[in-house]
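Number of protein chains: 2
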Amino acid sequence: MKELKINSEGINHSAINLGSLDELKDYSYMHPKRKQEVKGKVFIGEILKSSSAEISFTVFPPHTEMPFFHQHKNNEEIYVVIKGSGQFQIDDSLFDISEGSVIRVSPEGKRTYRNNSDSPLTFLCIQNKMGSLDQFNVEDGCLAECENLWEKE
Amino acid sequence: MKELKINSEGINHSAINLGSLDELKDYSYMHPKRKQEVKGKVFIGEILKSSSAEISFTVFPPHTEMPFFHQHKNNEEIYVVIKGSGQFQIDDSLFDISEGSVIRVSPEGKRTYRNNSDSPLTFLCIQNKMGSLDQFNVEDGCLAECENLWEKE
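Protein chains in written order, with my numbering: chain A, 25 to 177; chain B, 25 to 177.
Derived from the structure by calculation, the hints contain no laboratory data.
Check before you lean on any hint, since a few could be wrong.
One copy or any two copies: either way a pair holds, since identical chains are not told apart in the list.
PhoX-like cross-link-like pairs, simulated, lysine-lysine; straight-line CA separation at most 20 Å [stated by the list, open to error]:
| id | residue 1 | residue 2 |
| --- | --- | --- |
| 1 | Lys73 | Lys63 |
| 2 | Lys107 | Lys49 |
| 3 | Lys134 | Lys176 |
| 4 | Lys134 | Lys73 |
The structure presented is a predicted model; accordingly, all values stated were derived computationally and were not measured.
Build out the structure end to end from the sequences listed, making use of the hints.
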């Protein structure tokens, strides 16, 4: 089982490197309630000290499916498919997913998915509190003065 | 210039497909203040109707760099490197990034990055409100009853 390691940290940041996204299958996650090891899944919100998002990476083997539907209490989820293909169901909508698919699900959405292909399905899932974003991009960002370090290398 | 299209939508979800992540260079973004077209960048928060996250995908060509540092007012950013390699600087920390790197930056962090390699650098950037997440995973998720539609196909 692969371990997560911080590779840069400062007062305003934390950074890790998961390694090749084809090797995510070497991570695993111990489900805290079911006490079951889930292979090919890694959560990174805690190690990154994120205060706004939980993010997981998952590799779903060929011809496997989530054995249940789930909902959330407060959090919106956004799934981003990095590689492979499969199907996603939310409530009474069933649709195909593949590399580049991005799916937003409200807390109430009953969701499940499967990999019905012959190749691994790799995706990330971002979990944030519904309704929490007030402003973004040019409203939230601003230029900053800082000495560029790579110019000194 | 490629257009974004919804490919499934319901009361609790919105889904798009950006297509192959190697083809992200065909998207572009019109900077609302500088009135400049930024190639290889696409924001998806609005089309997904996300209320908690802004997400952008970027392909940064070989040997290019951000010409400035930036900070945020309220939002944390998380960068996820999907392909390629480069360097990231936050405040006085400069470090290498590559496929599988994930970097969390607090609003105050002065950040910039470059692609100092011979291949494209592809990453996504997730923007959420600092301090907004109260609970996640098994605390926030719960099982749901729903009829499985792929079993009827």
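What label fits lysine 134 with lysine 73 when the C-alpha limit is 20 Å: within, between, both, or neither? For lysine 134 and lysine 73, the Cα distance is within 20 Å only across copies (18 Å; inside one copy 29 Å).
First find the shortest C-alpha distance between lysine 73 and lysine 63 inside one copy, then the shortest across copies, and answer within, between, both or neither for a cut-off of 20 Å. neither (23 Å within a copy, 32 Å between copies)
When no copy is named, should lysine 134 and lysine 176 be tagged within, between, both, or neither for a Cα gap of at most 20 Å? Only across copies: lysine 134 and lysine 176 sit 17 Å apart there, 53 Å inside one copy, limit 20 Å.
Which holds for lysine 107 with lysine 49 at a C-alpha limit of 20 Å: within a copy, between copies, both or neither? This pair counts as both: shortest intra-copy Cα distance 13 Å, inter-copy 17 Å.
Hint 1 from the list above is the single one not met by this structure.
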